[in-house]
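Asker: Single-letter residue listing:
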Amino acid sequence: MTSLDRFGGVYLLPVALALIALVLIGSPSSWLTLTVAGLAMGMMIFLMASGLSLIFGLMDVLNFGHSAFVSFGAFIAASVLAALGTWLTGPSPALNIIALFAAIGAATAFGAVAGWAFERIIVKPVYKDHLRQILITMGALIVAEQLILAVWGGIPVQVPRPAVLSGSVIIGDVSIEIYRIFAFLLGLAVYVALYLVLNRTRLGLLIRAGVENREMVESLGFRIDRLFIGVFMAGSALAAMGGAMWAGYQGMITPLIGNEMMILVFIVVIIGGLGSIQGSLLGAIMVGLMANYVAFLAPKMALASNMILMMAILLWRPFGLKPAVK
Amino acid sequence: MTGIASPSPSNAVRQVPVGRLAVYGVVLLIGLALAFAPFVFPDVRAQEVAARICIFIVLVASYDLLIGYTGIVSFAHTMFFGLGAYGTAIALKSIGPTWGAVALGGGAGIAAAFVLALLIGLLSLRVKAIFFAMVTLAAASVMLVLASQLSEFTGGEDGITYQVPKLFAPATKLLTDADGKVLRIFGVQMNGRFAAYYFVFLTSFVLFMFMLRVVASPLGSVLKAIRENEMRAEAIGYRVVAYRTAVFCLAAVIAALAGVLRAVWLKYAGPDVTLSFGIMIDILLMVVIGGMGTMIGAVIGVVVMSLAQFYLKDLMEIGAHATADIPLLPDLLNPERWLLWLGVLFILLVYFFPSGIAGTLMNKGYRR
Chain A
0 MTSLDRFGGV YLLPVALALI ALVLIGSPSS WLTLTVAGLA MGMMIFLMAS
50 GLSLIFGLMD VLNFGHSAFV SFGAFIAASV LAALGTWLTG PSPALNIIAL
100 FAAIGAATAF GAVAGWAFER IIVKPVYKDH LRQILITMGA LIVAEQLILA
150 VWGGIPVQVP RPAVLSGSVI IGDVSIEIYR IFAFLLGLAV YVALYLVLNR
200 TRLGLLIRAG VENREMVESL GFRIDRLFIG VFMAGSALAA MGGAMWAGYQ
250 GMITPLIGNE MMILVFIVVI IGGLGSIQGS LLGAIMVGLM ANYVAFLAPK
300 MALASNMILM MAILLWRPFG LKPAVK
Chain B
0 MTGIASPSPS NAVRQVPVGR LAVYGVVLLI GLALAFAPFV FPDVRAQEVA
50 ARICIFIVLV ASYDLLIGYT GIVSFAHTMF FGLGAYGTAI ALKSIGPTWG
100 AVALGGGAGI AAAFVLALLI GLLSLRVKAI FFAMVTLAAA SVMLVLASQL
150 SEFTGGEDGI TYQVPKLFAP ATKLLTDADG KVLRIFGVQM NGRFAAYYFV
200 FLTSFVLFMF MLRVVASPLG SVLKAIRENE MRAEAIGYRV VAYRTAVFCL
250 AAVIAALAGV LRAVWLKYAG PDVTLSFGIM IDILLMVVIG GMGTMIGAVI
300 GVVVMSLAQF YLKDLMEIGA HATADIPLLP DLLNPERWLL WLGVLFILLV
350 YFFPSGIAGT LMNKGYRR
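Line order of the protein sequences matches chains A and B.
What the first sequence shows, in numbering that gives the first Met the number 0, is residues 0 to 325, in sequence order.
What the second sequence shows, in numbering that gives the first Met the number 0, is residues 0 to 367, in sequence order.
The following block holds chain A by itself, in its conformation from the complex (with noise of 0.2 Å):
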C-alpha cells in the first residue's frame, strides 16, 4: 500500500481535478455552479455507463447498441412528458414530481422489456464471439437509430421541465440550478442502490462471482444464463434512465443524442475500467467535470480535453483505473 493508497488512491482524482480548475478559473463563484454542473453531468453519465460496464463484466458482451437505449429512454420520457404537460407546469408540486416520475418510469420500463428482447434476438447467438458481437450491436444500432428517425422523425423535439425542477437556488452569489441537484441525487440513489445490491445481497454476491469466474458459478449450479438476462435488463434500463435525465436536462433533443452520449460513455468505461461500478462512477464524475470546466476554459476543446484525459489514463494505467478484477 502506498502513500497514495491512504489517502483514496485514485478517488483523488476529480478532487486535483477541481482544485487544479479553481486556480485556472480563479473565481469561486463561478467555479462551484461548474462544479456543480460537472458532478449533475457526470451522475446522468453515470446511468448510462453503468449498465454498459455491468454487461460487460459479467457476460463479456460490449454492446455497441447501448446508445440505442438512451435515445429511446430520451425519446419516451419527451412523449410522456408532453403527454402529461398540464400536470407538469401546473402548480401542484406533487403533480409535477408524478409526471415526472412516470415519464423516467416509461423509459426505464421500456429499457428493460427493450433489453430483454435485444438480448434474446441479436445478443445471445454471438456470445463469445468478439468479431460478431461488436458487427451485429453495430447493425442493431444503426436499426435503432433508424426507429427513431421512423417514429419520432428528425426534427428536434422540445422536452418540458417541470415546474417543481426549474429555476434554481441561490446561495450567496452563487446560483445553481434545482435540476441538477435533481440530477445528482438521483444518481447517487441509483449508485447507492447498486452499490448496496452487489454487495450486501446473495444476488450481488452471485453476479460478483459471475464477473470473476462464470464456469465456477455454474458449476456450482447456479442459472447463469438467467441472471446474464437479468444484468442485462437492468443495464439497458439505466441507460434509458440515464437518456431521460439528459433529456430533461438538455430542454431539447434530437436523434442524434445516443451517438453524441455514446463517446462520452465509451470514455468513461475506459477511464474507469470495464466491469467496475465505482470505476463507471469515478470516470463519470471525471468526464463530468472536465467537459465542464474546459467548455468553460476553451469550448472548443471540451470533447478533444476528455479524449486526451482517455488517452493519458491509457498511458498510466492500461485497464482503466478500478478495472474488476478479470
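A couple of the hints might just be wrong.
In silico DSS-like pairs for lysine-lysine, Cα to Cα no more than 30 Å straight-line [said to hold, decoys possible]:
1. LYS92/B <-> LYS299/A
2. LYS266/B <-> LYS312/B
3. LYS299/A <-> LYS266/B
4. LYS266/B <-> LYS165/B
5. LYS223/B <-> LYS127/A
6. LYS223/B <-> LYS123/A
No lab work stands behind these hints, which were simulated from the structure alone.
All figures in this text were calculated on a predicted structure; none of them were measured in a lab.
For this one, chain A is given, so just place chain B on it according to the hints.
Answerer: Just chain B now, kept in the frame of chain A:
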C-alpha cells in the same frame, strides 16, 4: 472465428470450384467494367458512381486487412480517409491548384494518419479487441467534431470546395483533332475528366494489387495466424502487438491515400463525404456483405452496396406508395429510411452468412 477464412482443402476432395470461378469471373467483369467505364457508361452520373466504386474498393479492402485478415475491429477508418482528403483539400485551397499542393497536402494527411495510427495502435492494441474498438470509435468521433468546429481550416459542416490541377479540369483538352476541338475516341471526349477518372482508376488498381500482394506474402500468413489464435502466434515467436500496429498503420496509410483520391476526384471535402459515421457504416456493410478476409470480396461488396443504395430507394418509394393508408409502415418504407433495411440485412448476414457473398460462394466448390 470460424467460416471467415476459406477452408483448408487438405482433407477435402477437390471438386470443380464452381463458386470460386464464379467469384473470380464476377470480379474480372467488374474490373473490366471499371477499366473501360468512360467508354461503357458515357453519362456523367455513371462515371461518378464508377469513380466512387474504385475509391471505395481501396478503402474497403484496406479495412478488410484489419477486420478480415487480422481480426482487429476499428471504427477509425473514416478518420484516416478524412485526414487524406482534408489534407489534400486544405493544401489545394490555400496553395492553389498545383501538383505540389496535392503532394504536400496529401503527404501531410498521410503522415498524420500514420502517426495517429501508430499512437492509437501502440496505446491500445495490446489490450482486448473490444477495448480497441471503443478507443477508435471515440477517436473518430472526436475527429468528426474537430472537423466541424475548426471551421477556419476545414470549412465546418459545409466543407471545402477548390480547384484541382489543370490536367483534371473538365475544360482541359488532352488530345485535339484537326479543328483544335477535343478529340473523341469511340465517342468519349479526351478531356480533363477522362484523365481524372484514369488517375483514380489506375491508382486504385495499383493499391488494390499491392494489398493482394501483402495478404499473399508471409506477412499475410502471420496476420491470419494472429486472427486465428493470438496466443499461439505469440508463442511461436511473432510479436503480436508489433504486427497488429504495423498492419493498422498500413491500413491507415492506404485509407488516407484513398482519401487523397476522393479529394482530387470530387473537388470537395466535407464531413458527409469523408469523415461521417455514415461512411464508416457503409464500409462495414460493404466488407461484411462482400466477405471478410477475402480481399476480392471487397470488390463485390462495394459494387453490391453501391447498386443497392441506388435501387433500394426506388423499391422503397414504390412500397411507401403502396402502403400509404397503413399507419407507420409508410414511414418505415420511406426512401430516407433505407439504412434501416440495410441494417436488418446486415444483422441477418452476420447471423447466417458471416463469410459474406464471396466467402460463401468460394466455399461452395469444396466438399466440407
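Asker: Each hint should be assessed against the structure and marked as holding or not.
Answerer: The hints, checked one at a time:
1. At most 30 Å may separate the alpha-carbon atoms for a hinted pair to count; LYS92/B and LYS299/A meet this at roughly 24 Å.
2. At most 30 Å may separate the alpha-carbon atoms for a hinted pair to count; LYS266/B and LYS312/B meet this at roughly 26 Å.
3. Between LYS299/A and LYS266/B the alpha-carbon distance is near 28 Å, which keeps this suggested pair within the 30 Å criterion.
4. This hinted pair checks out: LYS266/B and LYS165/B have alpha carbons roughly 12 Å apart, not beyond 30 Å.
5. In summary, the hint linking LYS223/B to LYS127/A is supported, as the alpha carbons are separated by about 19 Å, within the 30 Å threshold.
6. A threshold of 30 Å between alpha carbons decides the hint, and for LYS223/B with LYS123/A the separation of about 27 Å falls inside it, so the pair holds.
Of the numbered hints given earlier, the model fails none.
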